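Trainee: Read off the chains here:
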Amino acid sequence: MTFNRRSFRDFRLQTKLFITYIAITVIPIALLGYLAYSQYISSIERQVGTYIPRLLGQANDNIERQINEFFQMSDQIYNAPMIIEILRKDAYQTVSAMRQDEFTVDSYLSSTFIHGSQQDILGVFISSNNRLFSSTKTDYFSGFSTKEAVGLYGQNLDLRGQEMVLLPNETSLQFKDHRPFVLIAKPLVDVENRLSLGTMFIALDLSFIDRIVQPIDEQEGAEMWLMTEEGYMLYHTSADQIGRKDQKAAKYPTLNGSFKTKNMLFGMDVSKQHQWVLAHQIPLGQLTAETNFVRTITILLFIAVTAVALIIAALLAWGVAKPLQHLTEQMKRVEKGDFNVVFNRQSNDEVGMLSDRFQTMIKEIQGLIREKYQIELKQKEAEMYALQSQINPHFMYNTLETIAMTVEEDDKDTVVDMVTILGRMLRYSLSNKEKLVTIHQELQHIRDYLTIQSYRFEDELAFRIDVQVNGNKEYIPKFILQPLVENALEHAFVPGKQLVVTVLIVRDGNEIQMSVSDNGAGMSKIKLLEIRQLLTLQTDLNRDHHFGILNVNGRLVLHYGKTYMLQVDSEKNIGTTMRIRVPVNRGEQGDE
Amino acid sequence: MLLFVSGCSNGDAYELLVSSGSSSIRQPEAQYEHQYTIGIISKVDNIPYFNSVKEGVLEAAERLKVNVLYEGPAVADAKGQRVIVEKFIQQKVDAIAISANDPVQLAPILKQAKAAGIVVITWDSDTEPAARNLFIDMVNPEVLGRHVMDTLAWNTEEHGSFAIMTGSFSASNHNAWLKWIQAQWKEYYPNMNLVEVVATNDDPHNAFIQAQGLLRKYPDLAGIIGNSSVGPPAAAKAVEEAGKAGDVAVVGVSTPDLMRDYLKRGSAQVVTLWSPKKLGYLTVFLAKSLINGEQPGDFQYMPGVGTIRMRGSDTVIMGEPIDFTRENVDQYDF
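Chains as they are written, first to last, in my numbering: chain E, 1036 to 1627; chain A, 2 to 335.
Just so you know, not all the hints are guaranteed correct.
Interface residues of chain E toward chain A, partial, derived using beta-carbon atoms under 7 Å [said to hold, decoys possible]:
1. Arg1044
2. Gly1084
3. Thr1085
4. Arg1089
5. Arg1123
6. Glu1227
7. Pro1288
8. Thr1289
9. Asn1291
10. Gly1292
11. Thr1296
The hints are simulated quantities; they were obtained by calculation from the structure and are not laboratory data.
All of these numbers come straight from a predicted model, not from anything done at the bench.
Just so it is clear, CB atoms sit at the ideal spot from N, CA and C, and this is done for glycine as well.
Extracted from the complex, chain E is given alone in its bound form (with noise of 0.2 Å):
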């Protein structure tokens, strides 16, 4: 783990996921693998390391019991009175006598000893007296000789009555065939005079220690050899490190036990008598050779869980990251206002109810938008209906004046048309309840407009209405062509010159087309351009300025779409048209 955390938390889910399931399944087992096979394995050491001293010690005891036998052996000679007759002289007066005692001695030796049941003696060697008997099986020099030393001890080797194993490093006899072997000197006591007879020698082939550490040493690579504490090899399995030192000896760490070194395990013994060290190294992959395949199997095992794991982990990350992917892509187009997001519920688990509850939130979201937006859209529309529904307080202003100067010309006809229509009038304007009226009464009201506009101005204003459709039938926006008409009145006097304002009213396919037009002053392309700009960008309403097609623009707009916002033409000195759409039949539903 030596990812920080920081880094780690900024990981994607996937990855986390991923990385936190092969941590708490790839790394234990494999932990928990190694683990195991390091405590087999020292637990197969530690037996080995514990059973290998125990068997040295055994074999270590057989030596010293087979050496100790060779020993009690040589005591048959006390046995034999003619030899004991022999070895107690110590003075001939013939030289035939002397060889003929020779002679006796060495054949009882050969018959006893070289040709007994003892395969292991090599040689046997008495020296008494200036005498040295001696049956060998094979040839040997530079030993013993009946005038000179007894191997290096020679006539003065003091055993102070103590039997002694000699290693060939101690004496110099040598066998011809340069045989390893051990040489035991023991003192000849004559217990009935209390005087030594002389000391006997047995060479002892090494065979018999063979015969006693193989069963030991069957394993393969194994080694096995005896030595002093200081390290002189007496026995070796194999034969040319005999009679080599040990160049470790001194740095083992124990003799009585087992150690191992990197690829070695050691087990050693000292016997009890002579001190000797039975060491034994075999090679630790020996030991753990069968568990090599045990090991093997386990790791392929390990490998193929792992990947299964490793597939596991990665569907499992990817079946979570996968649908919270989805979540995020879909939360990005609900961003940037795309409400109509599909979630495909997969799962029932945590992951789908999120999904779950987004998509609820979304559609709470989105129906509380169109419910604010309807509610703001119908505030506009109120307060837009609200304000072209009042009378225009100047057109009241110049009727009532015009009234007044009717009276004076006492015409009372017309005053009484003007009041019945002005009353009238104010009765449709103060009717509020009805968005949506039908065009014959919208119609109706602009007619009055007009007709009380034509006593005002009399034969300087024409108006004609013509209308194409059942006017009883079809329902517009109530006061939608009045401000056009009103419009048209305030700005497209032209002095001297009639004004006729036409209001025409179509039926095409499933809309109601409605324009008023007029032959007045016209505007300028500029004029033209910047009320087209005005109607587009819908800015706020001022009172004033084209207050009225404003209104009726918006409110078109509102009503039904950008589509049908108001189209206005114009030419300089020619006349303004204006037009409006309206579905058919849409008032009877907008109506509510």
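Here the structure of chain E is known, so what remains is to put chain A in place on it, guided by the hints.
Mentor: Then chain A, alone, in the frame of chain E:
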């Protein structure tokens, strides 16, 4: 892990797995050992047999590193020995080994020594079993007694009268041998006739006089058995002086040194004995073992002695008797 770490720096690193004890089990040699004192009492001072014993005792003392006091009374009797035992008790010896002149008379003082914590051994001649821890017998008395009778029979052709010169009538070993000599005589040799048993009291001079007396008293005597070491030389000497060498067979229990000349001259035929040196050595060896609390066992191998036998739990038999003849007497120097 340790192996790995150290293994990196040094390929020869050893990791200890199992160790029983230190790498060297050799014990320091110079171990302090209390030197025991062992008091050895012979039947009588200054006769060759007991001098040979003394040689073995001194050899053992040196070899086994013990302190020995070797004493014997001037006259072979219980009284003299009791004085020596008392002295040893006062000296607080660790063990007393005695060749008892009288099994009954010496018992109280030996029991007293035992009570004082001293190991009491009898050798050569026993006391009451209760008075000692161990008895070291040289040979089986039955084997010796019967064998001595046989050697006489061979040399008299199983005919004629014979006399026995025993050491003393109180010494248990002499009595035991005497018993078995007579048993063998009665069992196998009806043509022989035991005329008299005399005691020499282990005094060479007295023995010689006794022998002369026997020769005078029984002119047709065919043989004399000397039942203690002083008997056969005295008999042989008397036979020689009477000019009857070869006519009167002399056999018995005696040492080669005492008998060498008589054997060679033919005035004695066979003497039977064991190695008194070995006996001395074994006595000291066993005394030390007992002080150390080690009991001997049947067929046990004793270094420098050989295999011993046990009869009962408290009697050691050192070995087999040796016959000394004109031919082999030169091999032995005791």
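Trainee: Going through the earlier hints one by one, which of them does the structure break, listed in rising order?
Mentor: Failing hints, ascending: 1 and 4.
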